[in-house]
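**Student:** The chain contents come next:
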Amino acid sequence: MTLDRLLTDYAERFKEPRPRARPLPAHLKRLEAESIFIMREVAASFENPVMLYSIGKDSSVMLHLAMKAFWPSRPPFPFCTSTTRKFREMIAFRDLIAQKLGLDLIVHTNQDGVERGINPYASGSSLHTQVMKTEALRQALDTHGFDAAFGGARRDEEKSRAKERIFSFRNESHGWDPKNQRPELWNLYNTRKAPGESIRVFPLSNWTELDIWTYIAEEEIPIVPLYFADRRPTVERDGQIFMVDDDRTPLKAGEVPVDRVVRFRTLGCYPLTAAVESEAASLEEIVAEMLTARTSERSGRLIDHDESGSMEKKKREGYF
Amino acid sequence: MSSTASSTQAAPAQAAAQLSVRELSAAERGVLRFITCGSVDDGKSTLIGRLLYDTKLLFEDQLAALERDSVRHGTQGKNMDFALLLDGLEAEREQGITIDVAYRYFATDKRKFIVADTPGHEQYTRNMATGASTADAAVILVDARKGVLTQTRRHTFITHLIGVRHIVLAVNKMDLVGYEQARFDEIVSEYMALADKLGFESISPVPMSALNGDNVIGRSERMPWYSGPPLLAQLEALDGSEADIATAFRMPVQWVNRPNLDFRGFSGQVSSGQIAVGDEIVVAKSGRTTRVKTISTADGPLPSASAGDAVTLVLEDEVDISRGDVLAKPDDRPELSSQFVANILWMNEEKLAPGRSYLMKVGAQIVQASVKAIKHRVDVNTMEQTPANELALNEIGFCELTSNQPIVFDPYDAIPEGGAFILVDRYSNQTVAAGMISHSLSRATNVHKHAMDVTQDDRSRAYGHKPAILWFTGLSGSGKSTIANLVERRLAQMGAHTYSLDGDNVRQGLNKDLGFSDADRVENIRRVGEVAKLFVDAGTIVTASFISPFKSERDLVRSLVKPGEYIEIFVDTPITVCAQRDPKGLYKKAMAGEIKNFTGIDSPYEPPESPELILETTNEPPEVSVDRVINYLREQGILSVSGGATAGYSI
Numbered sequence: 001m002t003l004d005r006l007l008t009d010y011a012e013r014f015k016e017p018r019p020r021a022r023p024l025p026a027h028l029k030r031l032e033a034e035s036i037f038i039m040r041e042v043a044a045s046f047e048n049p050v051m052l053y054s055i056g057k058d059s060s061v062m063l064h065l066a067m068k069a070f071w072p073s074r075p076p077f078p079f080c081t082s083t084t085r086k087f088r089e090m091i092a093f094r095d096l097i098a099q100k101l102g103l104d105l106i107v108h109t110n111q112d113g114v115e116r117g118i119n120p121y122a123s124g125s126s127l128h129t130q131v132m133k134t135e136a137l138r139q140a141l142d143t144h145g146f147d148a149a150f151g152g153a154r155r156d157e158e159k160s161r162a163k164e165r166i167f168s169f170r171n172e173s174h175g176w177d178p179k180n181q182r183p184e185l186w187n188l189y190n191t192r193k194a195p196g197e198s199i200r201v202f203p204l205s206n207w208t209e210l211d212i213w214t215y216i217a218e219e220e221i222p223i224v225p226l227y228f229a230d231r232r233p234t235v236e237r238d239g240q241i242f243m244v245d246d247d248r249t250p251l252k253a254g255e256v257p258v259d260r261v262v263r264f265r266t267l268g269c270y271p272l273t274a275a276v277e278s279e280a281a282s283l284e285e286i287v288a289e290m291l292t293a294r295t296s297e298r299s300g301r302l303i304d305h306d307e308s309g310s311m312e313k314k315k316r317e318g319y320f
Numbered sequence: 001m002s003s004t005a006s007s008t009q010a011a012p013a014q015a016a017a018q019l020s021v022r023e024l025s026a027a028e029r030g031v032l033r034f035i036t037c038g039s040v041d042d043g044k045s046t047l048i049g050r051l052l053y054d055t056k057l058l059f060e061d062q063l064a065a066l067e068r069d070s071v072r073h074g075t076q077g078k079n080m081d082f083a084l085l086l087d088g089l090e091a092e093r094e095q096g097i098t099i100d101v102a103y104r105y106f107a108t109d110k111r112k113f114i115v116a117d118t119p120g121h122e123q124y125t126r127n128m129a130t131g132a133s134t135a136d137a138a139v140i141l142v143d144a145r146k147g148v149l150t151q152t153r154r155h156t157f158i159t160h161l162i163g164v165r166h167i168v169l170a171v172n173k174m175d176l177v178g179y180e181q182a183r184f185d186e187i188v189s190e191y192m193a194l195a196d197k198l199g200f201e202s203i204s205p206v207p208m209s210a211l212n213g214d215n216v217i218g219r220s221e222r223m224p225w226y227s228g229p230p231l232l233a234q235l236e237a238l239d240g241s242e243a244d245i246a247t248a249f250r251m252p253v254q255w256v257n258r259p260n261l262d263f264r265g266f267s268g269q270v271s272s273g274q275i276a277v278g279d280e281i282v283v284a285k286s287g288r289t290t291r292v293k294t295i296s297t298a299d300g301p302l303p304s305a306s307a308g309d310a311v312t313l314v315l316e317d318e319v320d321i322s323r324g325d326v327l328a329k330p331d332d333r334p335e336l337s338s339q340f341v342a343n344i345l346w347m348n349e350e351k352l353a354p355g356r357s358y359l360m361k362v363g364a365q366i367v368q369a370s371v372k373a374i375k376h377r378v379d380v381n382t383m384e385q386t387p388a389n390e391l392a393l394n395e396i397g398f399c400e401l402t403s404n405q406p407i408v409f410d411p412y413d414a415i416p417e418g419g420a421f422i423l424v425d426r427y428s429n430q431t432v433a434a435g436m437i438s439h440s441l442s443r444a445t446n447v448h449k450h451a452m453d454v455t456q457d458d459r460s461r462a463y464g465h466k467p468a469i470l471w472f473t474g475l476s477g478s479g480k481s482t483i484a485n486l487v488e489r490r491l492a493q494m495g496a497h498t499y500s501l502d503g504d505n506v507r508q509g510l511n512k513d514l515g516f517s518d519a520d521r522v523e524n525i526r527r528v529g530e531v532a533k534l535f536v537d538a539g540t541i542v543t544a545s546f547i548s549p550f551k552s553e554r555d556l557v558r559s560l561v562k563p564g565e566y567i568e569i570f571v572d573t574p575i576t577v578c579a580q581r582d583p584k585g586l587y588k589k590a591m592a593g594e595i596k597n598f599t600g601i602d603s604p605y606e607p608p609e610s611p612e613l614i615l616e617t618t619n620e621p622p623e624v625s626v627d628r629v630i631n632y633l634r635e636q637g638i639l640s641v642s643g644g645a646t647a648g649y650s651i
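For the protein sequence lines, the chains are A and B, in the order given. Okay, so the first sequence: first residue is 1 according to our numbering, each after it adds one. Okay, so the second sequence: first residue is 1 according to our numbering, each after it adds one.
Keep in mind that the hints were calculated from the coordinates and are not lab data.
Negatives, chain A to chain B, calculated, CB over 12 angstroms:
(1) ASP9
(2) LEU103
(3) THR109
(4) ALA217
(5) PRO222
(6) PRO225
(7) ARG237
(8) THR249
(9) GLY254
(10) GLU255
(11) PRO257
(12) ASP259
(13) VAL261
(14) LEU272
(15) GLU279
(16) SER282
With a Cα cut of at most 27 angstroms, we get these calculated DSS-like pairs of lysine-lysine:
(17) B:LYS551 x A:LYS193
(18) A:LYS15 x B:LYS293
(19) B:LYS293 x A:LYS68
Glycine included, each C-beta is placed from N, C-alpha and C at the ideal position.
Let the sequences and hints guide you as you build the complete structure.
**Tutor:** Next comes the structure, spelled out in C-alpha cells:
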C-alpha cells in the first residue's frame, strides 16, 4: 500500500469511527486512558498548549492519542516540529499526515544556527544538539508563547527521564531543576505557573518501548517506513551503521556506501541516529525482535553518550 | 418509583460486569504498581536491580554503563552497584542517596509491573508520597540485622495514610544473620504490632537476600523453614487497582467537547462505578438530572463505560455542565459541602498557617480553601497524636478546612479519586500539601442551609438594578479614578446604589498594614475583592479603581462573584502617556529610583487578556468613556431591571 493510501485510510477512521474487533489488552487500555486524561487536563488548563511532534514512533502514538482524546473535536492545539536534518522519508511522512488529518503544523528551524553553519559533522553532536534542538525548541516556544508543550519522552528511556514528573515545570529560561520538582500526587496535576514560565508534559511517561510497539500493532497506527527492515545504502563508523540519506551526508575518505538490510529502532536527526541490521519487516517481527533484544533503543542515539550525565544536563538547559 | 425500577435493572448488569472482570483477570492480571521503601542501606535499589536483572530487563549497553559507573561512583567494591541504575540524577550519585522517585518497568509472563523506588530520608517524604499515591502495593524493606526502625514506621504510616492496600514486608540481608528463622519471626512480630491496627488488606512477610537472590524470584534452599512464595510470586498474586465497578458511579468533567453546533459532549475519565446508555445521571452540584444519550469514543459508541475508561458522554437534555462538575447517579450522590475534615501531609518549607487561603484542586474542581483549625498532628515516627497550631515540612495533621464555594467530594476511604486533593500556594504556585478528605463537617448536602431571609435578588428588585463590580485596572495615571468617579456620579444621578473603592480609602484603613511588595499587592487586592463582594451581596454597584497588575488576582476577584457580576474595564493608557501626565509626580520619583516596585517601571503589569471593556484615554475624552461604560451596563441588563418597589427612577 502506498503511504498516501495508508494515511488516507488512517484519516478516514477519525471521520467514521469503527469499533475495535477485540478489546485492547487491559494494561494498554489503562495506559491509553491515562494519556488521554493528561491531554484533556492540559487542553482545559492552559491557554496556549502545543504538541511537539518529532515524527518518530512515540510521536505517532502521541498524535494518535490526541486524535482519540478530543474526538470528535480536533486536537485543540498545534503541532510543532524542529530541526532540518531529518531523514527524507520522515519529512515526507510528516507533511502527508499533517495534510490528511488537517493538523495545524508549525515547522521551526533555528535560522541563526543554519546561518552559522552548525551541523553535526563539523560541529560535533553536542553543539549541534544544543543549537539545532535545544535552542530551536526554546525559540519556537518563545516565538509562539506556548505555555505548555507535550513531549513524547518515556521514563524507561533513560535514567534521568525515569526521575521526571509527568508535568515538568520549567523556569523562564526553560531549565529543569531536578532537585526541586513539584510533588505530583494521584492524577492531580498542578498546572499553575507564573507568566513566562512553562510546563512540559509527558503523556507517555509510563509507557515502555514494548508498550509502544504493541499499541502501534493493536491500533494499526501508521509509522515512518524506516522502522521496517529494508535494503538501504549505509556506511559503518565506530562500529555503528549509518544510512546515507542523500548528498547532505559527506562521505569520509575511502568510504563507499554498502547496501545492507537495516532498520531503525529510534529516529532522530540522521547523522546522529544509527541503524541496526535486522530482517524485521513487519510489526510482529519487530515485537519478536524486541523481546530478544540485548541492547536498549537509545544505544543508537549518539547524543545520550557524548558526555556523562548528558541527558540530565541537556534537560536542565531546556531539552526535552 | 423510578429509583426502584432502575435498581432492579442495574442488578443483572452489575453481575454481568463483575463476571467479565473475573474472566479478564484470569486472562491477564493487568499492571501492578508498587513502591519500594525502607532505610538508606536496606537494599531497595539492590532489590530492584536484582528484579530487573533476573527478569532480563537490563540491556547489554545498560549493563556496560552500570559497570563503568560502578567503578566511578559505586559503593560495592568491584561488584556492580545496582543503586546507580536508579539514582539517575547527578546529585544522587554524588551523595549516594535517593532524592526523588525513580520509575522502572518490568514484566513477567504473568503480569506487568511499574515500580517506584522512593527515597528513604525524611527530608524527601513528599517524594515518597508522590510514589505512594499511585501505588497498589508497597514493598517495605527491613535490614534483618537492624529490625524495625523509625523509617520503617514512618513509611508504613504514610503508606497507610495514602491508602496503599497491600504490604510486602521484605526482611532483607538474611544472609548476614545466618538465615535464622528466629530473627525473621522476631522482626515480623515487631512489625505486625505496629501495622496490624492500620487496616491493610494484606501484609505478607518474606525472608530474603536481594544480593544473593534468595527468595526474590526463586525459592531459597538456604531457608527451608520458610514455606511461603518468594517475593516476585507474591507480587504476581496481588490485586491491582483494576476497575472498581462495585462502587458508586462518578465522573468528573474534564473538558467540554464542542466541535460544532450539533455535538455537545462531556469528556472525562470514569473514576468509579459504571454507567450505561439510558441511565439517569445527576450533576452533583446543581442537582439537575438527565439521561445518558450516547457514550462516544473514537472507537465508536459504547453501550456502557466503567471505572478507568476515558469517554465522552452526550446527554439527553441541555444541562448546564462545565469543567469541574461531577456526574453521579441520582440515588447515590457524592457529598457537597464547604466545610470538611481531612488528613493533610504538608510538603513545603514554609509552614502551614491556619487561616491562610490556598488553591485547592479536587478532581477537576479548583476552589480557594483554608485550614480553619488543626485538630491534631500525627507524629509519623510514633503515630502519636499531639495538639498543634501549625504544620512544618513533612508533618501530617488532621485538619478542618473551609472552601469559598462548596465542593463535591467523597470520603477518601470510600472513593479515593473523590477525596484526594492538593493545595497550591497562590503566589509561588508550589504544591504545598496533599490531602485526603475524611468527612463533611456540616453533613448537609444543601449548602444554602443558612440562606438569609432577604436575598441578593430581593435587594436588587428593591433597588431597580442588578449589583456589579466595575473593576478599573490600568497603570498609575491612566485615568482609572477619574473615569470611575464620573461613572459613579452618573449612576447616582440615575438613582442607583453605588459605592467606590480605591487606593485612597482602602490603603489608609483596611489595608494600612500592607506595603507594595508583590505579596502585599496580592493581599491588598484580595481584601478589596472580598469587600467588593460584600457590597455586591448588598445589591450595590461598586466601582473599584486599582492598578491591580496581576492577572491572577483580578481573576481571583472575578471568581468571588457570580458570572456577569465582575466587569473588568481596562483603562489602556500607554506608559509614555501616563508618565507624561504624572499627576502625582510618581513616575519622576520612580525613574529616579526613589520609589521601588513601581508598576511599569520596575514591577510588571500584566494587561488583561479578555476584559469586558477597553477604554483608550489617549484620544478619547473621559465623558465618552463614561458613556461606553453606561451603555455596556444597559446591554448587560444591569441597569434594566424594572418594577423596583422603592426605586423612584427608571434606569
